[in-house]
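Student: Protein chains in written order, with the working numbering: chain A, 1 to 585; chain B, 1001 to 1333.
Watch out, some of these pointers could steer you wrong.
Unchecked claim - Covered stretches of chain B (chain A as the covering partner; in silico rule of three or more C-beta atoms under 8 Å from a C-beta of chain A): (1) 1037-1050; (2) 1132-1138; (3) 1207-1220.
Said to hold, decoys possible - Computed cross-link-like contacts, DSBU-like style, restricted to lysine-lysine with a CA-CA straight-line distance of at most 35 Å: (4) Lys1248/B <-> Lys1125/B; (5) Lys16/A <-> Lys200/A; (6) Lys200/A <-> Lys1202/B; (7) Lys1248/B <-> Lys1016/B; (8) Lys395/A <-> Lys377/A; (9) Lys1116/B <-> Lys395/A; (10) Lys1016/B <-> Lys1202/B; (11) Lys1202/B <-> Lys529/A; (12) Lys1125/B <-> Lys200/A; (13) Lys1125/B <-> Lys377/A; (14) Lys465/A <-> Lys377/A; (15) Lys1125/B <-> Lys1016/B; (16) Lys1116/B <-> Lys377/A; (17) Lys395/A <-> Lys1248/B.
What the hints assert, rightly or not - Short, incomplete list of chain B residues facing chain A, as computed with Cβ under 7 Å: (18) Val1158; (19) Arg1160; (20) Ser1164; (21) Ile1204.
Since the hints were derived computationally from the structure, they do not count as laboratory data.
Ideal Cβ positions, reconstructed from N, Cα and C, are used throughout, including at glycine.
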Amino acid sequence: MPDGSDPSGLTPGRPKEELWQDAGLAAALLGVDPEGLGGAVVRARPGPARDRWLEIAAQFRGDRLSPRRVPASIDDERLLGGLDLAATLSSGKPIVAPGVLEEAAGRGILLPMAERATTALAVKIGAAMDAGGPLPFIGLDEGAEPDDVAPEALLERVAFRPDLTGLGLRDLTQPDISVEEIAGAQRRLATTHVPNEVVKAIVATAAAFGITSLRAPQFAIAAARAIAALNGSDEVEELEAQAAVRLVLAWKARQLPASPEAAEEQPSEEPAPPDNNDASEEIPQDLPDDTPEMPEALPEEMLIEAARAALPPDLFAQLLAGSSRRMQAGSTGAGEESISLARGRPLAPRPGHRGNGARLDLVATLRTAAPWQPLRKRTNPTDGVIVTPEDFRIKRFRRKTESALIFVVDASGSAAAARLAEAKGAIELMLADAYQRREQVSLVSFRGAGAEVALPLTRSLVQAKRRLQGVPGGGGTPLASGLALAQEVAAGAKRSGMTPFLVFLTDGRANICLDGAPGRRQAAEDASKAARAFRQEGFAAVLIDTANRPQASAEALAGEMGARYVPLPRAGSEEMARVVQAATA
Amino acid sequence: MAAFPFSAIVGQEEMKTALILTAIDPSIGGVLAFGDRGTGKSTAVRALAGLLPEIEAYEGCAYNTAPGMPLPTGESNEGRAVVSRPTPVVDLPLGATEDRVVGALDLERALTRGEKAFEPGLLAKAHRGFLYIDEVNLLEDYLVDLLLDVAASGENVVEREGLSIRHPARFVLVGSGNPEEGELRPQLLDRFGLSVEIASPKDIEQRIEVIRRRDAYERDRAQFLADWAGAEAEVRAAITAGQQQLAKVQVPDALLITVAELCLAIGSDGLRGELTVMRAARALAAYRGADEVSEAHLREVAPMALRHRLRRDPLDEAGSTTRVTRAIESVLS
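Next comes chain A alone, as it looks inside the complex (with noise of 0.2 Å):
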C-alpha cells in the first residue's frame, strides 16, 4: 500500500498478545462448534506462529478427526469424486472414488496457499461447505500483499481471520482453555440462549459496518453462544458480544460507521461503488487519522467500538483505494485469464477432436479408452488397444489474457500541436514494448463534432505507426463521445477475452456535446455523465493531463471515471510512455 500503512500488519495500539489471545480463542470456538462458525482463514507466512496456532486448534478439536489437506492444485477429479479406474477394472464393476470433499465432511479441510486458490476452486469448497460437509474449513493464508488474500467465496464463509504476522516466539503462549472446557462448552452449546437485543445489537453492527452478507452476522451470534457455552454461562451477554464483533465482524468490515445516525441509514447502501485499483496511488492525504468521537446512544454503539479496536489497519487504505480483493472481483473474473488449447497452466482434458490447435492429450485418451477394452473386444478381437473417436481427450489450459492497451488521445486545437506530437511520440514508443509483452493497441481520438476508433486492435506496430501519422489534429473537443467510444472499444475487447487498460491524454476541457453541437456546459455535463458511466465498467484506466499546466477539470474527471490521474506538464514522450507502463505493470 502505498500510504504507508505498516506492513506488519498489526493495529497500533492492538498489543501482540491480544491478537494471539483472540487467535487462540478463535481457535477454542471452533473446537466447540465446528459447524456453526465454518471455519478460520489464519493470515501468517509459514512459521512457528502459524504452526503452534494449527498445534492448538488440533487440541481443541478434541476426538475429531483432523482436517484433510487440500492441495490448491487438486484437480476436480480427486476433488469431486469419480470413477476408480484401477478398482473399476479389476474388479469389473464401476468403482466409484468418492471426492476429498467427500471424505472431508465432518473432519473438515485444511487448504494451504488460500490466496492462491482460484474462484472455481473457492466455490466448490463453499458449496460443499454450504450443504453442510467439510466443516470447518481452516484456510492457510500467505499473502504478502494487502490485497493478496483469499478468494471472497471462502472468506465469505468462515467466521475468524486470525493474523498471526509479525508474532514472535515469546508471544506464543498457551491459552487458558483447556480441552475439558471445551468439551464442557459443546455440551452447554444448544441451551445457551441469545437473548434477542443481542442479536438485534449484532445485525445492527454488521450493517453499520458495511457488510451486506447475513452470514456475517449469522457467525457473530454462534460465535457469541460459543463464547458463553465457553465461559459457563448460560445466556449471551455484553462481554460476550462484543468479543464475537471483535473477532468475526472487525475484519469483515467494509466501512467505517461514521455516526449513529449514518449508520442506521448505511445498511442501505452498497459500499462505495467499485473504485479503479490503479485509482490507488491518489490517496486523498487529508484522511482523518482518527474516526471521529461517537456519542454513546444506540445499544450497538458498545459493539462498534469494541470491533473498532480490531479493524484492520488498512482497512481505511483499502476502503479509500477500493483495491480489496471484492473490488479487484470484477476485473479479474472473466476477463484476466482464459481457457487457450495451447499453452498456459493444464486443466482437466476434455473430449474433443484434434484441429482447431488442439492437441490430444495421450494419457487421458488411453484412460478414456481403457474400461472399454473388453466390451470392445468382444465385437472385434485384435491384440492392440482399441481406441475411438469418442476417447480422444484434448489438453487444454488455462492462461492470462492478452491485454488491450487503448489510447484515447483528444486531438482537439485545445490540446495544443506540440503536445500531440508528443503524445504521438509516447504513444510509438509504448506499442514497441507493448508489442514485445504481447499486448494490442488501439487508438481512438476525438476531435471536431465527435470521435473515431483511427486504429482498430491490432498487434502490428508497423501498421499502428502508419496510422498514428495519419491522426489530423485541431478542432472542438467531443470530450463525452471519446469517452462513450472508449468505453465501447473496451468491452468489446473485454467480450474478445482481453483485459483492456486504457491511457486518456486529454486536458479534461470539454466544449463539444455528445450530439455534436458546441456549448461548453452541456459539454462538460456530458463529460462528465460519460465518465460516471466508464467508472461503473471499471476498466482500468490512467488519464494523462497534457495541458501546461496541470487543469482542475482533468482531475475532476478522472475522478469521476475511477482513472488514476497523471499530470504531465512539459513532459516528453519517453516520460509519458514510463508513466503508462508503470501503471500497467
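Place chain B on chain A using the hints.
Tutor: For chain B alone, coordinates are given in the frame of chain A:
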C-alpha cells in the same frame, strides 16, 4: 437434510414471484438470479423443491415420463403403474461432466454384462421440473451452451459412444451467480426468461428476522418445518390453482400492443422479450386468481422479464430496473 421452507424466506419477493411464475408456466423460460454473496439465492431455489406440487409419472421411469406419453426407452407403457413423485429440482454441480449432464453409456451394464445401455443424466432427471445451477457464470461455456440448447428445444439428443437416443427434457433452468465473478455473455442472458437482482434486505428489522429464522431452523429443524407447514401448504395450493387457472386467463388485445410498445421502447431485440412479458403477466394473473391480465400484472413482471434484455447504453447510469420502470411509465401513460 430438509430444506429451509420457501415461505419462511424473508423478503426476496421478486425472486420468489419469479420462481412461482415459472412453476405455473414453465414456458416462460428460466430464471437468472444475480446478487451478492450471502443473500440467500440458493436457499430460495432449494426451498422450491419442498413446495412444488407433485407430478405423475410411470413407476421406475428415469425420464419422468408423463402418463400417456411414450417411453424414451422404446418400451411399451401398457399397464405400467403410475405414481406421484415430487417435482424434480435437480442441482447441477459446477464440476459436472458432460456425461453426467446429458447421460452416457451405462458403465455398470457395459462392464459387467457387456451390454450397450444408456444411463440417463441430469437432464432426464430434471424433465418436468427445475434444473438449478449455482454460480452459473463459472460454468464452462460448452456446458452452458448445451443446457440452453436443450432447454430451448425441450429435447435431449445423444449421439455418442455408439448410442443414439433422444428423450424429452423440458425443465426450467434456474441459474444464480455473483456478478463480481464475471458476467454472462449477452447471448446467454437473453435466453433466460426472467432475471432477478437479489440484495440482502436493507432494513435492520428484516435482517434480524432473517437471522432469527435461520437460527431457529439450525437449532430445531423439525419444529421449524412444522411451524411453517401451514404457510407452505398455502403457497403450494396457490401454485396448483394457478396452474389450473392459467389456460382460462385472457390477454386483452390492447395490452398486447402495450407490451409490444414497451419492448420497442427499451430496445429489446426480437420477440423473445414480448413473449416472456406476456407469459409472465398471464402466469401472475393466474396466480392471483384473475381472469384477465391487467396493467398492474404487467407492471409487476416487466422489470424481471426485461431488465436483462436492455440494450446497453453507456450514457445511462440508471440501473436496468429504473430504465424498465421508466419505459413502462412512458408507455402506459
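Student: So, against the hints stated earlier in the document, which numbers end up violated here?
Tutor: 12, 14, 17, 18, 20
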